[in-house]
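Participant: Chain by chain, the residues:
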Amino acid sequence: MNNPLDATGAVVRPAPAEELEQTLYEVRRKIYPRAVHGWFAGWRWALIWLTQLLFYGTAWLQWNGRQAVLFDVAARKFYVLGFVFWPQDFIYLTGLLVISALSLFLFTAVGGRLWCGYACPQTVYTEIFMWIERKIEGDRQARMRLDADPLGARKVALKAAKHAVWIAVGLWTGFTFVGYFTPIRELLPAVLAFSTGPWETFWILFYGFATYGNAGWMREQVCKYMCPYARFQGVMFDRDTMTVTYDERRGEPRGARSRKADYKAAGLGDCVDCTMCVQVCPTGIDIRKGLQYECIGCAACIDACDQVMDKMGYPRGLIRYSTENAIASGWDSRAMLKRIVRPRVLVYFAVLLAVVAAVLGSLYLRIPLKVDVLRDRASLSREVEGGKIENVYRLQLMNTQEKPHRYRIAVSGLDTIAVASEAEVEVPPASTRQVPVRLRIDPGAAGKGAHGIEIEVRSVDDPSIVAREKSVFMVR
Amino acid sequence: MSDFASAFWPYYIAIISVVSIVACAVFLKSQSIRRAEGAGLETTGHVWDEDLKEWNNPLPRWWSWLFYITIVFGLVYLVLYPGLVAYAGRLGWTSSGQYAAERARFDAAYGPIYAKYQGMDARQVAADPDAMVIGQNLFLQICAQCHASDARGSRGFPNLADGDWLWGGDPRQIEETILNGRTGIMPPFGAALGPDGTKDVAHYVMSLSGLPNDSIRTARGKEKFQQTCIACHGAEGKGNPQLGAPNLTDRVWLYGGAEPDIIATIANGRTGQMPAHKDFLGEAKSHLLAAYVWSLSHPEATQRPAK
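Residue numbers (my numbering), protein chains in the order written: chain A, 1 to 476; chain B, 1 to 307.
It is possible that some hints are incorrect.
[Said to hold, decoys possible] In silico negatives: residues of chain A with every beta carbon more than 12 angstroms from chain B:
#1 Arg66
#2 Trp199
#3 Ala378
#4 Tyr393
#5 Lys470
[What the hints assert, rightly or not] Straight-line C-alpha distance at most 30 angstroms; calculated DSBU-like pairs for lysine-lysine:
#6 B:Lys116 <-> A:Lys224
#7 A:Lys388 <-> B:Lys199
#8 B:Lys238 <-> A:Lys388
#9 A:Lys289 <-> A:Lys260
#10 B:Lys116 <-> B:Lys278
Hint data in this document are derived by calculation from the structure and do not stem from the laboratory.
Here the structure is a predicted model, which is why all the values come from computation and not from measurement.
Positions of the beta carbon are idealized from the N, C-alpha and C atoms, including for glycine.
Produce the complete structure using the sequences and hints provided.
Facilitator: Rendered as structure tokens:
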């Protein structure tokens, strides 16, 4: 490997190994983020309310006398509002995941790690848990003092209270999670009576513990060391991606000053070096050092800095959402926003739109009937009275709607072919029925060999529900 | 119980497993030793590209601990389960034992449903739509492979829906057929009758059900039939359900009713076997299944499901 050259062109020799010795394990510095208020904090709380009302609330909604959203894994039926999805519908889950991925691409290309900063469960639960911590232990300074204090009755009481509330929130989260797989209105009495099944118990505790551990203890370490999305979102950035940026040209040289003094005459920039941006950061970084992989894009530093700028009487936006190009060229926000319309964003948007349209269209056109045709293998073809040729099939009729349907079975594709067995069957709501079907042709209507046919199943009560399946008729 | 023919292999497996686990633990331990503070750097001794060296640092702690946990897990597993083969494990677990336990669990869960129908007369069971849904599922699962999904059989496998029975069509007789199976044998007569005699008998048999036949051959065949066939098929050719001998006058042909088919049957004989299902299904399920099979040829006596 060639040694790099330094600015003067001299070969830089690596320092001797002895001097480089250091531990390979980063010891975590506990972070005490200061509470922050402002425009972006407001947005984050709005999203916390929205996502958590959805998560904690949806489980309790009823729909047609059942839970509105329920994933019945044992029965392999997945209820979402008016839909009943069967394992055969897993393509919709794929569609949902593709939409999620493309949305992540799109939002990240436009506004950086918006998902991380505002909507990711790790951020959301950390925010909730920090709010609880603040209510019990106080803000940054108070918490730092408390941790430095020797162990005493007050410290034990506060810490115990905090962890008790955290664990309660975690368990409620685990309970809600399991409530999407076991009807939550039956789960609640079971939990209160300690009579949940082994798996329910395991998942409530596991999910509850994961919430408590991740949001209470792990926090930013999840984003820094564990989360793959955190790292690969950086790949989606380009020079026009808006990220939380410190305007170095405006801020530097930083320094403390009196409000009345003419700081420009003193050669100072707008940054008063109050370190508020560092104190509010949930990942403990200094945004003034530029874009860093630890930055989750929560914009807490923007809110904090804007408040300081207001107090100083300077214009807001020393730290703001900006792009690499905008900072380098000194664009105003209008010029910067124009760059949102660029090929990368347009392609993400177009693909996302196409996938959303395809999924919605296919949901709208979805036929609540599935048919499988299984040809009997043991009897290839049989001759019945009058020399007619008969083949036997087994139809699997899946009525995926929550009301009973009566279906008529018809067949086409071969001269004189007709259904010889009972042609009408009823299938109960959201269930499957196997129906043996005999198809018959007149003697001599078809030559020896296999003939393609099509079996049509149409609902008698709603003719728009129809499914067609191809099969084969054998003549010996 | 060992699956190996030789007693050598269980020990082979046990020794390799234990030695590997212990070796892993020893190796892991040797790679986890931390140098004392300030003891200087140690490298692996390899040098690349003039001066690029690899430090010989211990494995990350979280990684070693995960490995130690897997070792402990493996040892606990080998104590509890028969992973070493040579040692059966404290739990005494076997796959066949688990199968039996699961069967017992399902029997306990679903047994009462079948027990309810077992106490009823087969004709009553046939009139119960719920029972008939279960019966159809059982039939499609177990019987349809031979008798076809619609129970109308195929060549060599009797049609169960036509009201014609080889061994009797009373629900009790059907249940007996399911439980203990049946073997119907038509012995070969080709050698005894000779090719011409066989053809004569075939023509007489065809005349019994009014199929076109050669009257001279029929007359000759009738004599031979009276000597050879009536023991089982009866003087009038109406068969005998005690022996499973088919009625030859009803135009129902298990092995085909064309002249060559009948000649082949007489000359070479036929063997039809219905396997016994007593051990596999048990009596309760067989009872329900018999009622379902009986219902197929008695649509008037049943309320078929979804009507």
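Participant: So, for every hint listed, does it hold in this structure?
Facilitator: Results of checking the hints against the structure:
Annotated as non-interface, Arg66 (chain A) keeps its C-beta farther than 12 angstroms from every C-beta of chain B; the closest such distance is 23 angstroms. At roughly 16 angstroms, the least C-beta separation between Trp199 (chain A) and chain B is larger than 12 angstroms, which holds for a residue marked as non-interface. With a closest Cβ-Cβ approach of about 6 angstroms to chain B, Ala378 (chain A) is found to fall inside the 12 angstroms limit, against its non-interface label. Not every CB of chain B lies more than 12 angstroms from the CB of Tyr393 (chain A), the least distance being 7 angstroms, so the non-interface label is violated.
No beta-carbon of chain B comes within 12 angstroms of the beta-carbon of Lys470 (chain A); the shortest separation is about 18 angstroms. At roughly 62 angstroms between alpha-carbon atoms, Lys116 (chain B) and Lys224 (chain A) are farther apart than 30 angstroms, so this suggested pair is violated. Note on Lys388 (chain A) and Lys199 (chain B): the hinted pairing holds, with a Cα-Cα distance of about 27 angstroms set against a maximum of 30 angstroms. The straight-line distance between the Cα atoms of Lys238 (chain B) and Lys388 (chain A) is roughly 26 angstroms, inside the 30 angstroms bound, and the hint therefore holds.
At most 30 angstroms may separate the alpha-carbon atoms for a hinted pair to count; Lys289 (chain A) and Lys260 (chain A) meet this at roughly 28 angstroms. A distance of roughly 19 angstroms separates the Cα atoms of Lys116 (chain B) and Lys278 (chain B); the hinted pair therefore holds under the 30 angstroms criterion.
Hint violations for this structure: numbers 3, 4, 6, all remaining hints satisfied.
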